[in-house]
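There are 2 protein chains.
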Amino acid sequence: MKAIRIREPGGPEVLELVDVETPSPRAGEVRIRVVAAAVNRADLLQRLGAYPAPKDAPQDIPGLEVAGVVDALGEGVSSPAVGTRVYAIVGGGGYAEYVTVHARALAPIPEGLGDVEAAAVPEAFVTAYDAMVLQGGLEAGEDVLIHAVGSGVGTAATQIAVAIGARPIGTARTADKLERAKELGLAHGIHVQNAQFADAVRAATGGQGAAVIVDLVGGSYGPENLRAAAHCGRIVVVGLVAGRSMELDLGLLLQKRLLLKGTVLRARPLEERIAAHQVLARNLGPLFTANKLRPVVDRVLPLAEAAEAHRAMAESESFGKLVLTTG
Amino acid sequence: MKAIRIREPGGPEVLELVDVETPSPRAGEVRIRVVAAAVNRADLLQRLGAYPAPKDAPQDIPGLEVAGVVDALGEGVSSPAVGTRVYAIVGGGGYAEYVTVHARALAPIPEGLGDVEAAAVPEAFVTAYDAMVLQGGLEAGEDVLIHAVGSGVGTAATQIAVAIGARPIGTARTADKLERAKELGLAHGIHVQNAQFADAVRAATGGQGAAVIVDLVGGSYGPENLRAAAHCGRIVVVGLVAGRSMELDLGLLLQKRLLLKGTVLRARPLEERIAAHQVLARNLGPLFTANKLRPVVDRVLPLAEAAEAHRAMAESESFGKLVLTTG
Chain A
198 MKAIRIREPG GPEVLELVDV ETPSPRAGEV RIRVVAAAVN RADLLQRLGA
248 YPAPKDAPQD IPGLEVAGVV DALGEGVSSP AVGTRVYAIV GGGGYAEYVT
298 VHARALAPIP EGLGDVEAAA VPEAFVTAYD AMVLQGGLEA GEDVLIHAVG
348 SGVGTAATQI AVAIGARPIG TARTADKLER AKELGLAHGI HVQNAQFADA
398 VRAATGGQGA AVIVDLVGGS YGPENLRAAA HCGRIVVVGL VAGRSMELDL
448 GLLLQKRLLL KGTVLRARPL EERIAAHQVL ARNLGPLFTA NKLRPVVDRV
498 LPLAEAAEAH RAMAESESFG KLVLTTG
Chain B
198 MKAIRIREPG GPEVLELVDV ETPSPRAGEV RIRVVAAAVN RADLLQRLGA
248 YPAPKDAPQD IPGLEVAGVV DALGEGVSSP AVGTRVYAIV GGGGYAEYVT
298 VHARALAPIP EGLGDVEAAA VPEAFVTAYD AMVLQGGLEA GEDVLIHAVG
348 SGVGTAATQI AVAIGARPIG TARTADKLER AKELGLAHGI HVQNAQFADA
398 VRAATGGQGA AVIVDLVGGS YGPENLRAAA HCGRIVVVGL VAGRSMELDL
448 GLLLQKRLLL KGTVLRARPL EERIAAHQVL ARNLGPLFTA NKLRPVVDRV
498 LPLAEAAEAH RAMAESESFG KLVLTTG
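Going down the list, the protein sequences come from chains A and B. Its first residue numbered 198, the first sequence is counted upward by one per residue in my numbering. Its first residue numbered 198, the second sequence is counted upward by one per residue in my numbering.
Calculated directly from the structure, the hints in this document are not laboratory data. Predicted model only: the values in this text are computed from it and were never measured. Don't take every hint at face value.
Note that the list lumps identical chains together, so a pair holds whenever it fits in one copy or between two copies.
What the hints assert, rightly or not - Keeping only pairs whose Cα atoms sit at most 20 angstroms apart, straight-line, the calculated SDA-like set for lysine to any residue is:
no. : residue 1 : residue 2
1   : K252      : V217
2   : K199      : L375
3   : K453      : A464
4   : K489      : E308
5   : K379      : V313
6   : K453      : A472
7   : K252      : E210
8   : K379      : L270
9   : K199      : E505
10  : K453      : A247
11  : K458      : P420
12  : K453      : P209
13  : K458      : Q332
14  : K489      : E512
15  : K453      : E468
16  : K199      : R441
17  : K379      : V232
18  : K453      : A511
19  : K489      : D312
20  : K489      : E205
21  : K252      : L375
22  : K252      : A509
23  : K199      : A501
24  : K252      : H428
25  : K379      : D495
26  : K489      : A372
27  : K199      : V232
28  : K453      : P466
29  : K458      : R441
30  : K199      : K458
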């Protein structure tokens, strides 16, 4: 099969289209014929050599999410049937024509979603739902602050917040992304300069601050997050684009009784990967079918142009997801 | 009535025994005739002018927990009856012969506990149970790291951990306190020097780290806490003796999927104060009656010697609680 291989750690140019052996599903697994795979920041880190794949995943083929069709079943697997349209979060190996996954670590593609759209869903929407709702405990009527609101996770979190009756406030470093996020239901946009946003959040929430903060930025956003959070606020950190260290005011953490939590989807044990796909099937699928959620796809490129997709993501040019197709 | 008043912000010498008006219970409140009141670090901060009392509490009489007898009922209150032995966490005013509290923000003293012992229970045991079990989610079979294990909260947390089937590991800065904590069920003691303990915790947990950390120290203990925590560990910060700022490694927070939470009991809204006393009555009371928990009282002094009690606490001389009696 065709696949994108990381020749050696480096820039986008180290991604090369190669012929590799088509994987066979092991016991308990199915094979998916990949129609589309989406690009994630973690893929860029992996390409740079800074984020190795989990041991049980292909080591040199990036790609964390795919949409396609079940085309072979491993020993002991009777469901889903060959021919079922599915999407999945995988440990790696998504930039390829075929990938194998555990038969329960996938979900059916909801009615009305095409393959390209479907590939843009799993990582962004599960990360957003898991961070904002399951870990942050966001409830109807609460204000949620979403950083990098134009990103895949940001556009997903904005729509999920609206769908569950919460009020999304978002930040971005370009005004254009805030305008586009408003079309997705963003209630208030904050154009961030010099990592300052807490005063604007407090003003936008009647002085209360945000009940939940979904942070994909980290670093210098950390101290401002503590200021922007409401009493008993929950700050869930899912990304570190701006750096991995922050000065933490423990006094404020105590006084406001804040919760600060770090989370990643990758490298979770099997039972949690299955649970993540149950979120896709049970919580998110019906909202896609009801048109309350829609994936935001910025660009679609052929698999062979993975390097160009990586360059675009590194430049933060895109609004929503970048998707590669095998077709 | 007699009460200890903070004459002005300052050292222990600003505490003076004075005659003040005996408070009357308002609607919904009861008055407690205080037999014993315990000393907390927050009282020392309040005395220094660094931790004002909540608005609805006496402003210049310290004291956050008392044991005694209900002696008058406010309008609309029929229970608990006059004469009931109760203990309570109060917003302030505990260093006095009488204090008023909401009729539901108290709990009956368990069978077999004397008044002095009872006064040593509420803050320490509720703080420990709330931080370690309700917020940290400590479960049977898990390892919990308890800092300042010789403190009131530390001695309470150690016993609660044993009572619920968890395994307490403790730190202290004097070897003597670790030895005494072992009599309370401490499984492993770590003598901390230069704020280093993570390697010792990892060694004591088979390399896994602690599932829950109860931190009364803060400051320089912060980075070591992140290293000492297990994957998906929960770090609950309840005190800041060593400082209110720390350098936080967000990368480690994400990679280990850690939860960091700040909490204080004081200044919580009424419904949460009632819930705290329900913990005392429902969860902790039966364990005292069954002799699975016992308050650790270091010294008992007459109310007039509050200044000496403050001096002893500031010097960290004590193992367990310091209690003042009105008798």
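Against the structure, the hints come out as follows:
| no. | hint | verdict |
| --- | --- | --- |
| 1 | K252 to V217 | within (19 angstroms within a copy, 71 angstroms between copies) |
| 2 | K199 to L375 | neither (38 angstroms within a copy, 62 angstroms between copies) |
| 3 | K453 to A464 | between (32 angstroms within a copy, 11 angstroms between copies) |
| 4 | K489 to E308 | within (13 angstroms within a copy, 57 angstroms between copies) |
| 5 | K379 to V313 | neither (23 angstroms within a copy, 61 angstroms between copies) |
| 6 | K453 to A472 | between (32 angstroms within a copy, 19 angstroms between copies) |
| 7 | K252 to E210 | neither (25 angstroms within a copy, 64 angstroms between copies) |
| 8 | K379 to L270 | neither (43 angstroms within a copy, 56 angstroms between copies) |
| 9 | K199 to E505 | within (18 angstroms within a copy, 79 angstroms between copies) |
| 10 | K453 to A247 | between (35 angstroms within a copy, 16 angstroms between copies) |
| 11 | K458 to P420 | both (14 angstroms within a copy, 15 angstroms between copies) |
| 12 | K453 to P209 | neither (44 angstroms within a copy, 29 angstroms between copies) |
| 13 | K458 to Q332 | both (8 angstroms within a copy, 13 angstroms between copies) |
| 14 | K489 to E512 | neither (30 angstroms within a copy, 61 angstroms between copies) |
| 15 | K453 to E468 | between (34 angstroms within a copy, 17 angstroms between copies) |
| 16 | K199 to R441 | neither (36 angstroms within a copy, 55 angstroms between copies) |
| 17 | K379 to V232 | neither (31 angstroms within a copy, 61 angstroms between copies) |
| 18 | K453 to A511 | neither (36 angstroms within a copy, 25 angstroms between copies) |
| 19 | K489 to D312 | within (18 angstroms within a copy, 60 angstroms between copies) |
| 20 | K489 to E205 | neither (42 angstroms within a copy, 60 angstroms between copies) |
| 21 | K252 to L375 | neither (39 angstroms within a copy, 41 angstroms between copies) |
| 22 | K252 to A509 | neither (28 angstroms within a copy, 55 angstroms between copies) |
| 23 | K199 to A501 | within (9 angstroms within a copy, 84 angstroms between copies) |
| 24 | K252 to H428 | between (41 angstroms within a copy, 18 angstroms between copies) |
| 25 | K379 to D495 | within (16 angstroms within a copy, 61 angstroms between copies) |
| 26 | K489 to A372 | neither (25 angstroms within a copy, 61 angstroms between copies) |
| 27 | K199 to V232 | within (12 angstroms within a copy, 81 angstroms between copies) |
| 28 | K453 to P466 | between (33 angstroms within a copy, 13 angstroms between copies) |
| 29 | K458 to R441 | both (14 angstroms within a copy, 19 angstroms between copies) |
| 30 | K199 to K458 | neither (39 angstroms within a copy, 47 angstroms between copies) |
Hints 2, 5, 7, 8, 12, 14, 16, 17, 18, 20, 21, 22, 26, 30 from the earlier list are contradicted by this structure; the remaining hints agree with it.
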